[in-house]
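Asker: So the sequences go chain by chain: A and B.
Under our numbering, the first residue of the first sequence carries the number 1, and numbering increases by one thereafter.
Under our numbering, the first residue of the second sequence carries the number 389, and numbering increases by one thereafter.
Worth flagging that the hints you see were computed from the coordinates, not collected in a lab.
A few of these clues could be false.
Computed list of lysine-lysine pairs in DSBU-like fashion (alpha-carbon distance at most 30 angstroms, straight line) [claimed, not checked]: (1) A:315 <-> B:668; (2) A:280 <-> B:704; (3) B:484 <-> A:316.
Pair by pair, the computed Cβ-Cβ distance ranges are [unchecked claim]: (4) B:548 <-> A:3: 43 to 49 angstroms; (5) A:222 <-> B:418: 45 to 51 angstroms; (6) B:410 <-> A:198: 50 to 56 angstroms; (7) B:671 <-> A:109: 38 to 44 angstroms; (8) A:28 <-> B:433: 35 to 41 angstroms; (9) B:418 <-> A:362: 31 to 37 angstroms; (10) B:720 <-> A:30: 55 to 61 angstroms; (11) B:646 <-> A:362: 29 to 35 angstroms; (12) B:422 <-> A:198: 36 to 42 angstroms; (13) A:263 <-> B:679: 45 to 51 angstroms; (14) B:772 <-> A:324: 29 to 35 angstroms; (15) B:415 <-> A:198: 23 to 29 angstroms; (16) B:646 <-> A:308: 26 to 32 angstroms.
We put the CB at the ideal spot given by N, CA and C, even for glycine.
There are 2 protein chains.
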Amino acid sequence: MFQEQTILRIPGPTPVPPQVERAMARPMIGHRGGEFSALFAQAAQRLKYVFQTEHDVYILAGSGTGGLEAAVANTVQTGDTVLVCTAGNFGDRFTKICKSYGANVLTVDAPWGEAIDPLQVAIALADHPEIKVVFATHCETSTGVLHDIQGIAAQVNKTDALLVVDAVSSLGAAELPMDAWGLDIVVTGSQKALMLPPGLCFVGVSPKAWNIIEKNEAPRFYFDLRSYRKQLAANTTPYTASVSLVFGLAEVLNLIESEGLPSIFARHLQMQAMTRAAIKALGLPLFTEDSISSPTVTSIGSNGFDVEAVRKFLKKDFNIAVAGGQGHLKGEIFRIGHMGFATPIDMLQVLSALEIALIKSGANVQLGNGVRAAQIAYLQTQEVTTHA
Amino acid sequence: MFQEQTILRIPGPTPVPPQVERAMARPMIGHRGGEFSALFAQAAQRLKYVFQTEHDVYILAGSGTGGLEAAVANTVQTGDTVLVCTAGNFGDRFTKICKSYGANVLTVDAPWGEAIDPLQVAIALADHPEIKVVFATHCETSTGVLHDIQGIAAQVNKTDALLVVDAVSSLGAAELPMDAWGLDIVVTGSQKALMLPPGLCFVGVSPKAWNIIEKNEAPRFYFDLRSYRKQLAANTTPYTASVSLVFGLAEVLNLIESEGLPSIFARHLQMQAMTRAAIKALGLPLFTEDSISSPTVTSIGSNGFDVEAVRKFLKKDFNIAVAGGQGHLKGEIFRIGHMGFATPIDMLQVLSALEIALIKSGANVQLGNGVRAAQIAYLQTQEVTTHA
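Isolated chain A, as found in the complex (with noise of 0.2 angstroms):
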C-alpha cells in the first residue's frame, strides 16, 4: 500500500522538502524573462554560501557527471598529465572522463573503502611535477568513505597544479570550505545534500582555475565554462535554464540559510554517529573506518546474510530503499544514506526497520539493540552539539 511513498535512504536522490516540492510546482515561466533572471542571479549568489566562496558558482542543466566533464573539458587538453585520487567508482569516473579528453591520466588510489593519503598525492606531484590538474572525490558515495580534502589541497597548493574536487555527495552536509581550502574547482549536484530532484549541477571556479580554463583550448561547447561567466554576468544562463529545478533551489537556499551550515553539518555527524552505533551494536562489519567515514552515507558489509534480501525486505515491508554495492562490491556491502532532508528520526526509523528485514534475512541479531545505541548515540551526541 501507499507504493508512492518510498522512503529514500539511498545515497540520492534524497527526499524533497514539500516546501521545495511545492515551490517546483509554480506556473512555468520564460527563462529569458526578468522574473527569471531575478530569481536565477539571486541563486548563485546565494549558492557562494553553500560553497563558503567568494568567486563564481555556476549552474548547469545536467547530472553530477556533467559537472565533472565540465571540470575536466575547461582544465584538461589532449597530452596533458593529471593526477586522478581514486578509491572507488567515482574516482574511477574522473579517470574515465579524463582519458576521453585525451589526458596522460597517472593515478594514485587505495582499495575500495580506504581512503587515500595526501602523502600519496605529494609524492605523486614530486615524482611528476608536469601535473596539471589534480582530481580528488570528497565523499566517495561507493564506499562512504570522506577523503580528506584539506590535507591534499596543502599538498597541491604547494605547487602550480589545479586541484578539481567531486563534492557531489558532500557539499552541503559535509565542511568544505572552498575558498580557505584553497580548491580551483568544486562540483556538486542538485539530489544530494542539497535536496532537489536530479538536474542541475553547481560548479564552483577559483581565479587560479581560470587562468587555466581561459588558455584551454580543448573542444567543448555545452560544458564550456567560459560561456556560464559571461552569461551569469547578464544574469541567465547561455542554454535554456531548467526553471522548475531553480524554483526549487531558491527554496531550498532559504532552508539551509534558515539552519545555518554549522547545524547541518552537526545534523549530518549525529546522523552518522547513531547509525554506526546502532550497525557496531548490531555485530554487523562496517565498511569503512570510522575516522574516514562520511556523515553522508554508511556502508556495511555482511557476516553471513545476504545483503540482497535486506534490501528486499526493506522495500517490501517498509517501502524503504537503501543502496546496494557497486561494481566489485555489488552482493557484498548495502549503504544507507543520510543526508539532506533528513534527521535523527529518519535514523531511528530505518534502523528499527533494518532490524525486522535482518532478522527475516537470517541474520544473527538481537531486535532493539541497534535502536538502543542509535538513542544512546542521539543523547549523546546533542549534548555535545548543546555543550559546544
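For chain A, the structure is supplied; the task is to place chain B on it using the hints.
Answerer: Relative to the frame of chain A, chain B by itself:
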C-alpha cells in the same frame, strides 16, 4: 529545522498522502459545472463501499461535529426522549447537541477508559420504551476505547428506536458494516482514517432513519438531510461544495479501493498491536484494556513521569505531535494516533522517539525495549495476516 514537516501521530488531523495533496492542488472549478457534478456523484457512490452500505452517503461541508448535529437535527425534536451512550468527551458531545435540540436525554455511561456494555443499553430501552433514538460512539477518541457497536445495535434493533453512530475516528480503519449491523445513521469526518484535511463530514442514512427524518419538524436548514438527498439525486449539493476536498476525496477512494478494506483493517490492528506491545514492554500503564481498545488511537498513562514533558520532547526533538488528555485526563494521559496514512514503520518511528522522550522526562524505561516488543508484534501479526 524542517519545521513544516510535523509528524502527525495525533488522532486527527492525520497525514495526507502526497497523491491526495496533489489532487487537492488542482486548479479550482465551479461547483455547479458538469465536471464537478460527475466527480461528486462518483465520490458519493464510492463512499458506499467504505460505509459498507447500499444506502445514500451524503457529503457535507463541515467538521465531524457538523455531521453529528445533522444526525440529531434530523431525528430529534423538542420533547423526544433519546438515549446517549457516553464514556468520554465525544459521547458527552451527543448529550450537549441533543439537549440543544430540546431532547429529554437519558444516558448510559461508563468511566472514561472503559466501555458501555450493550446490556446497559438493553436495560435502558426496556425501562424507557419511549426512547426514539440511541446515540453511540464507535471509537471514543478521548480515551481510545472502541465500543461494541454490533452488540449495541443488536439491542436497539429489537425496538423501533434508531441507532446513530459517531464513527468519526473509526470509519475506514475499524470494521463497521453499516447495513450488516443494522445501523441507521453513521457519521464520520474527513480528517481521520479518510486521510483528508478537515472540512468534510459524511453521513450514511438508512431507510428506517428516513421514515423519522421525513416526519421530523425540528428547525434546521444547513444540516437538513432532505436537501442533501434531493440534490444528491441531481448529482450535486444544496450549498457550495468544498471543491478541493472533493478532488482529494476521489484520490483517497482510489487508495482505499486499491488496498481494500480487509487489508486496511488488518494494517490498523497491526499498528495497534505494535503500539500496545511496546507500551507494555516499557512498563507504562495502558489506559484501556486490550479487549476494548481501538485500532486507531492508544491512550497511555504515567507511572510518575510528566506526560506533558514527554509530548514537548517529542515535538522539540523530532517534530512529532502526539495528543494529550482531554477534560479531566489532561496531564494524566497522552494519546498516540495510528490511523489513515500510517503503516507499521511509522509505529517503529514514533515508539523509538517516544523512548528517548521518556528518558528525557525522567521515566524509568530501558531504551530499545519498546521498539523490540513492537518489532516482535510486527513479525507475529504479519504471520497471522499471511496465514489467515
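Asker: Against each hint, give a clear statement of whether it holds in the structure.
Answerer: Evaluation of the provided hints:
Distance check on the hinted pair: residue 315 of chain A and residue 668 of chain B sit about 29 angstroms apart at the alpha-carbon level, within 30 angstroms; holds. A hinted pair counts as satisfied when its Cα atoms are at most 30 angstroms apart, and residue 280 of chain A with residue 704 of chain B qualifies at roughly 28 angstroms. For the suggested pair residue 484 of chain B and residue 316 of chain A, the alpha carbons sit about 47 angstroms apart, so the restraint of at most 30 angstroms is broken. Here the CB-CB span from residue 548 of chain B to residue 3 of chain A is close to 48 angstroms, well matched to the stated 43 to 49 angstroms.
The supplied range of 45 to 51 angstroms is met by residue 222 of chain A and residue 418 of chain B, whose beta-carbon atoms lie about 47 angstroms from each other. Evaluation of the 50 to 56 angstroms hint for residue 410 of chain B and residue 198 of chain A yields a failure: the beta carbon distance comes to about 20 angstroms. In this structure the hint that residue 671 of chain B and residue 109 of chain A lie 38 to 44 angstroms apart at CB is violated, the actual value being about 54 angstroms. A hinted range of 35 to 41 angstroms holds for the C-beta pair residue 28 of chain A and residue 433 of chain B, which are about 36 angstroms apart.
Our hint of 31 to 37 angstroms for residue 418 of chain B and residue 362 of chain A is violated, since their Cβ atoms are close to 59 angstroms apart. Distance hint check: the CB atoms of residue 720 of chain B and residue 30 of chain A are about 60 angstroms apart, consistent with the given range 55 to 61 angstroms. Here the CB-CB span from residue 646 of chain B to residue 362 of chain A is close to 32 angstroms, well matched to the stated 29 to 35 angstroms. Checking the proposed 36 to 42 angstroms range against residue 422 of chain B and residue 198 of chain A shows it holds: the Cβ atoms sit about 40 angstroms from each other.
Between residue 263 of chain A and residue 679 of chain B the beta carbons are some 48 angstroms apart, a value that agrees with the proposed interval 45 to 51 angstroms. In this structure the supplied range 29 to 35 angstroms holds for residue 772 of chain B paired with residue 324 of chain A, their Cβ-Cβ distance being about 31 angstroms. Hint check: residue 415 of chain B to residue 198 of chain A, Cβ distance near 28 angstroms, so the stated range 23 to 29 angstroms holds. For residue 646 of chain B and residue 308 of chain A, the hinted distance range of 26 to 32 angstroms is satisfied, since their beta carbons lie about 28 angstroms from each other.
Violated hints, listed in ascending order, are 3, 6, 7 and 9; each of the other numbered hints is respected by the structure.
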